[in-house]
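8 protein chains.
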Amino acid sequence: MCGKVVSIVMGSESDLAVMQAAADVLRDFDVGYEMRILSAHRVPDVVAKFASDAPSRGIKVVIAGAGWAAHLAGAIAAHATIPVIGVPIDSSPLNGWDALLSTVQMPPGVPVATVSVGKGGAKNAAYLAIEILALADDKLRERLQKFRQKMRESVLAGDSKIQRQFAGEV
Amino acid sequence: MCGKVVSIVMGSESDLAVMQAAADVLRDFDVGYEMRILSAHRVPDVVAKFASDAPSRGIKVVIAGAGWAAHLAGAIAAHATIPVIGVPIDSSPLNGWDALLSTVQMPPGVPVATVSVGKGGAKNAAYLAIEILALADDKLRERLQKFRQKMRESVLAGDSKIQRQFAGEV
Amino acid sequence: MCGKVVSIVMGSESDLAVMQAAADVLRDFDVGYEMRILSAHRVPDVVAKFASDAPSRGIKVVIAGAGWAAHLAGAIAAHATIPVIGVPIDSSPLNGWDALLSTVQMPPGVPVATVSVGKGGAKNAAYLAIEILALADDKLRERLQKFRQKMRESVLAGDSKIQRQFAGEV
Amino acid sequence: MCGKVVSIVMGSESDLAVMQAAADVLRDFDVGYEMRILSAHRVPDVVAKFASDAPSRGIKVVIAGAGWAAHLAGAIAAHATIPVIGVPIDSSPLNGWDALLSTVQMPPGVPVATVSVGKGGAKNAAYLAIEILALADDKLRERLQKFRQKMRESVLAGDSKIQRQFAGEV
Amino acid sequence: MCGKVVSIVMGSESDLAVMQAAADVLRDFDVGYEMRILSAHRVPDVVAKFASDAPSRGIKVVIAGAGWAAHLAGAIAAHATIPVIGVPIDSSPLNGWDALLSTVQMPPGVPVATVSVGKGGAKNAAYLAIEILALADDKLRERLQKFRQKMRESVLAGDSKIQRQFAGEV
Amino acid sequence: MCGKVVSIVMGSESDLAVMQAAADVLRDFDVGYEMRILSAHRVPDVVAKFASDAPSRGIKVVIAGAGWAAHLAGAIAAHATIPVIGVPIDSSPLNGWDALLSTVQMPPGVPVATVSVGKGGAKNAAYLAIEILALADDKLRERLQKFRQKMRESVLAGDSKIQRQFAGEV
Amino acid sequence: MCGKVVSIVMGSESDLAVMQAAADVLRDFDVGYEMRILSAHRVPDVVAKFASDAPSRGIKVVIAGAGWAAHLAGAIAAHATIPVIGVPIDSSPLNGWDALLSTVQMPPGVPVATVSVGKGGAKNAAYLAIEILALADDKLRERLQKFRQKMRESVLAGDSKIQRQFAGEV
Amino acid sequence: MCGKVVSIVMGSESDLAVMQAAADVLRDFDVGYEMRILSAHRVPDVVAKFASDAPSRGIKVVIAGAGWAAHLAGAIAAHATIPVIGVPIDSSPLNGWDALLSTVQMPPGVPVATVSVGKGGAKNAAYLAIEILALADDKLRERLQKFRQKMRESVLAGDSKIQRQFAGEV
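Chains as they are written, first to last, in the numbering used here: chain Y, 1 to 170; chain L, 1 to 170; chain S, 1 to 170; chain B, 1 to 170; chain A, 1 to 170; chain G, 1 to 170; chain C, 1 to 170; chain V, 1 to 170.
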């Protein structure tokens with residue numbers, strides 16, 4: 001898929017440690033992406049413009065990661081009708097419960113596709129974006145299936161290894 | 001205090017049952033207020049304009065009530081430097097935990113003055129607004145002190161009554 | 001969009017009261033859908049077959065709603081590489097916390113796009129499905145924009161009404 | 001703003017690590033403040049006297065930070081009609097949930113303006129105090145707007161930097 | 001035990017429905033008690049005076065019930081060195097979690113003996129008060145043992161009944 | 001399976017409404033059971049004796065249901081080395097969270113097999129007991145497989161019905 | 001107070017790091033205490049005997065600390081009519097929520113006086129025990145008042161120090 | 001008990017640090033076990049086959065440990081009628097709450113015997129498996145009783161030691 005079709009947005013520079021994981025997955029799948037720092041509370045007008053313009057710039061899916069009262073994904077969703085994926089980040093003392101609820105509990109009409117908390121969620125946001133893009137891109141779907149196959153083989157290899165390791169137990 | 005100096009904003013018409021309690025308190029104190037329905041997710045640009053214009057219209061404090069992933073207070077705070085008071089409303093299946101965390105856990109630089117969940121919080125939002133306004137309005141402070149006095153007398157009356165009611169015990 | 005492109009799946013008949021809301025939204029957008037009752041724990045092989053066959057039957061997005069330890073969306077996601085949207089349903093004594101965490105906290109590699117708890121979430125699942133489908137369907141995107149516009153007008157109408165209603169205040 | 005107009009109060013010496021952040025913000029804005037250690041449970045009469053006397057000493061806003069069953073902000077609010085801002089501190093094993101609920105869930109009539117948990121909340125308490133003071137101080141409002149502008153520029157700079165950093169990705 | 005030795009205090013009249021249960025237990029044990037409505041936030045000075053004077057009036061144990069950010073028990077404990085028992089009341093939308101944490105999580109030096117949430121807790125507060133009083137009152141201890149004996153017999157009777165009821169089961 | 005091999009124990013008569021569901025399942029499978037009311041806190045010695053004697057009376061599995069600080073299952077497990085299944089009951093204001101944690105979080109060495117909260121859990125306790133008994137009873141395993149088959153058919157029937165009901169949807 | 005009148009009991013040796021804090025407080029007040037390791041689940045009969053015999057050995061108050069599904073305090077309370085104070089210990093992955101609920105949510109008739117989670121709670125358990133013992137020991141009450149006085153002075157000293165430290169602020 | 005009768009399954013290699021504790025207990029009891037890595041989401045068909053085949057391979061009890069949205073135990077239970085024991089692992093930022101609810105809240109008909117979170121739970125899963133196997137194996141029951149006896153003696157030894165250590169306290 002040519003061009004930048006996914007926009008990875010995060011609320012602050014400190015979220016990069018988590019959101020890098022989404023970028024790594026997209027790169028592995030040769031999906032073009034851009035990386036942005038935008039804050040729903042500090043540059044709301046830029047977020048609004050970003051969200052409104054994104055489709056015309058070729059962006060098809062937005063991945064937004066934020067911690068605390070994580071409004072970023074919702075604020076983007078409010079201005080766009082392309083899918084917005086939210087990654088709750090556990091950066092506050094409340095272990096991510098605040099970010100999870102702020103991201104997932106969107107009111108009817110303006111959905112955010114929420115994935116799991118933290119780095120695992122950032123990866124899944126990328127996989128979800130790829131699943132969405134693959135609806136119109138057979139090559140991408142093939143890659144996705146290969147990835148699943150590899151994931152499968154990795155589990156099976158781990159299974160074989162642990163079986164051998166404990167084979168002597170009776 | 002003449003003119004409309006407080007703006008009570010809510011995310012949807014169904015929140016009126018809760019937010020009316022804030023209006024009732026302000027009316028009791030003869031504080032001018034307006035009542036608005038604005039949604040951070042459904043009319044984000046109107047929220048932005050509302051928040052930017054509010055000071056020039058004479059609004060000094062905003063009270064914003066919302067349920068679910070309650071971004072309304074935060075979205076207003078992002079566009080204004082007047083105090084924004086957030087009322088978390090328990091309208092989702094999660095009993096208000098989602099609205100509480102989405103309202104209170106604002107990142108540094110853009111505070112929301114959060115009060116308790118539900119109708120009790122709506123009342124307290126109004127009292128907090130009055131406390132803020134009273135900093136520049138001695139009459140309002142006097143009224144506030146009278147209200148506290150009345151609240152005090154009401155507790156004392158209840159105390160006397162219950163003491164009498166149980167006086168016969170042993 | 002002709003044919004059934006969305007599959008709404010639920011864990012038990014009692015979930016229909018919630019999931020009907022997703023169907024209603026899709027019907028309003030003339031998006032073809034099917035309605036299924038499948039349980040990850042009671043008919044796991046049927047779920048597996050359903051998930052594997054769905055793409056070849058033309059299904060592009062699956063919406064899966066379940067309560068308790070809600071594994072349905074995850075079980076479908078495990079067998080498919082099309083997007084799976086999870087609706088946590090608050091049918092247990094724990095108010096939906098169990099369904100929310102069981103749905104959203106998927107491990108890396110197998111994402112579920114989770115939306116809010118209960119009926120509001122069911123609606124949002126449908127809107128999210130439409131956003132995904134609209135990436136390849138300009139008419140659908142137009143409808144989506146019209147819907148957003150209508151939602152906007154409805155909020156503005158409510159705002160006008162409440163402003164008038166409280167206009168007399170001080 | 002001349003004189004000490006904000007009082008930063010904390011429950012114990014160990015809270016200074018958190019509450020210092022509020023002081024730093026106020027100093028940056030040239031807002032005069034005092035720093036106090038007062039405990040609702042260990043010196044309740046001093047708290048009562050402090051709260052009653054504060055207005056006559058020129059204090060306009062109180063910022064109170066406490067952990068555990070954090071009653072400090074509420075105890076001050078009970079004796080004063082100036083705005084009291086509460087900072088829940090995550091110093092107990094329960095990660096700040098206890099302090100958050102003890103601070104925010106005040107009963108009707110005696111509000112506490114609660115901000116986020118921990119150091120981020122301490123900063124926001126100061127910003128909220130400044131927003132309140134700025135209602136009667138145009139210079140302070142200007143500074144606040146400059147601060148917001150700087151915060152905005154800092155986000156935009158971060159955004160530019162990260163965009164460049166990932167510019168090569170396709 | 002002659003005279004009023006237990007003081008049952010509650011935060012508002014609406015708490016009587018719960019706290020009556022404590023009174024009923026004390027009456028059954030012929031323990032003299034008084035019933036008070038006192039609010040830590042609405043009449044803090046009266047609470048302070050009440051707590052300071054209680055011992056000289058012959059009060060040996062205080063039972064304090066409150067909901068929301070339940071500071072009542074803690075505020076009394078701050079002014080007295082007699083045992084204070086706290087009953088968290090589930091009167092807010094948060095189901096009593098706020099009252100529980102606000103009551104139990106007292107900082108070192110000022111303990112509150114917290115019992116379970118709601119009416120069951122009110123009963124247990126009375127039983128705990130009786131256990132404390134019985135340390136210096138053998139008759140009261142005998143009654144307590146008789147009560148335990150009766151409680152035991154009631155369980156055994158229930159057990160016999162249910163065994164018979166289901167005796168026919170294979 | 002002849003004789004009473006399962007003992008269903010509950011903490012109080014009011015738990016029968018929930019625990020009856022376990023009895024109904026066992027009766028459907030012709031598994032002999034007894035029904036007991038025993039309280040870890042009110043008749044601890046009877047619980048101890050019950051647990052110690054159970055195996056010699058032919059009891060092979062104990063199902064224990066309780067609410068609040070639900071110690072019943074754990075207290076039985078402390079005195080017996082036969083499997084003890086715990087059913088957390090949502091009878092307190094905390095919606096069953098207290099019973100769930102009190103039942104499941106047993107320290108190493110004394111396990112309780114915990115099932116879901118409330119009536120659904122009571123049913124599952126019975127199914128789990130049957131799975132355990134079936135390890136030594138092929139007929140019981142056959143019945144279990146038939147039950148699973150029926151459960152499966154019931155889901156499939158529901159699925160067929162709902163598919164037809166919504167067949168007309170484009 | 002001569003002899004050992006308080007028994008500090010803990011569920012396992014690893015709890016000593018927390019419960020030592022209770023012992024330290026009692027030693028400071030010259031209150032005789034014993035230290036025991038007893039487990040409700042591992043030596044239930046010893047717990048039962050301990051609880052039954054405690055009064056005849058002169059024990060007037062029991063302090064019981066435990067983590068996980070903390071049944072220890074409740075199990076002792078079930079066998080004794082002297083006051084039992086429970087200290088929830090945060091030793092499981094759930095941060096003490098399990099121990100808190102298992103300790104405090106006792107059913108009617110068998111109260112446990114619960115204090116805060118962890119080391120702070122262990123101290124408070126000792127202070128509560130001293131408050132109870134002081135009801136019949138004027139010297140102990142005097143010491144308690146002196147301790148409160150010292151605690152007060154320590155806060156005031158901290159307050160003076162911090163005021164001076166920040167005196168230079170505008 | 002000869003042959004491999006228990007299967008310990010975990011969701012990923014990183015869970016071995018926790019699940020090893022289950023293996024250690026089984027080895028101490030000379031109970032034959034196998035060790036497997038299987039993921040409900042990454043190799044669902046292998047899980048299904050594993051669960052269906054387990055009984056014919058002589059497996060009598062399955063122990064399944066997983067973190068996050070822990071579906072593994074439930075997925076195995078869906079395909080088998082032998083007892084499945086679930087160990088929730090605290091590997092996500094949410095401290096194990098997600099794994100606990102995903103494991104324990106199974107819908108009626110497909111139970112999972114859930115034990116405590118983390119390594120303590122892994123041990124208890126093994127003890128529970130042994131309790132189940134001991135129903136048909138008197139030697140195993142004897143060993144279980146000896147283990148309980150040893151556990152008892154270890155607590156008593158700790159108790160003696162701590163009593164001596166603090167014997168001098170008066």
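Among the hints, a few may not be true.
What the hints assert, rightly or not - Distance condition first, Cα-Cα at most 25 Å in a straight line; then the derived SDA-like pairs of lysine to any residue: (1) 119(B) <-> 56(B); (2) 146(Y) <-> 58(S); (3) 49(V) <-> 58(G); (4) 139(L) <-> 153(L); (5) 161(A) <-> 142(G); (6) 119(A) <-> 139(L); (7) 161(L) <-> 52(L).
As the list claims (entries may be wrong) - So the derived list for chain B, only partly shown, Cβ under 10 Å to chain Y, looks like this: (8) 46; (9) 48; (10) 52; (11) 55; (12) 56; (13) 58; (14) 88; (15) 140; (16) 144; (17) 145; (18) 146; (19) 154; (20) 157; (21) 159; (22) 166.
By construction, these hints were calculated from the structure, which means they are not laboratory data.
For every residue, glycine included, the Cβ atom is placed at its ideal position computed from N, Cα and C.
Taking the hints in turn, this is what the structure says about them:
1. 119(B) <-> 56(B): violated, 29 Å
2. 146(Y) <-> 58(S): holds, 21 Å
3. 49(V) <-> 58(G): At roughly 35 Å apart (the allowed maximum being 25 Å), residue 58(G) and residue 49(V) break the hint.
4. 139(L) <-> 153(L): holds, 21 Å
5. 161(A) <-> 142(G): violated, 34 Å
6. 119(A) <-> 139(L): violated, 43 Å
7. 161(L) <-> 52(L): violated, 51 Å
8. 46: violated, 29 Å
9. 48: Violated: closest Cβ of chain Y sits about 30 Å from residue 48(B), beyond 10 Å.
10. 52: Nearest chain Y Cβ about 33 Å off; hint violated.
11. 55: violated, 32 Å
12. 56: Check failed: Cβ of residue 56(B) comes no nearer than 36 Å to chain Y, outside 10 Å.
13. 58: violated, 32 Å
14. 88: holds, 9 Å
15. 140: Constraint on residue 140(B) not satisfied, violated at 20 Å.
16. 144: Not OK, violated: residue 144(B) not within 10 Å of chain Y, min 14 Å.
17. 145: Violated, about 13 Å.
18. 146: Violated. Min distance 14 Å.
19. 154: holds, 8 Å
20. 157: At 9 Å from the nearest chain Y Cβ, residue 157(B) passes the 10 Å test, so the hint holds.
21. 159: At 4 Å from the nearest chain Y Cβ, residue 159(B) passes the 10 Å test, so the hint holds.
22. 166: This interface hint holds because 4 Å falls under the 10 Å limit.
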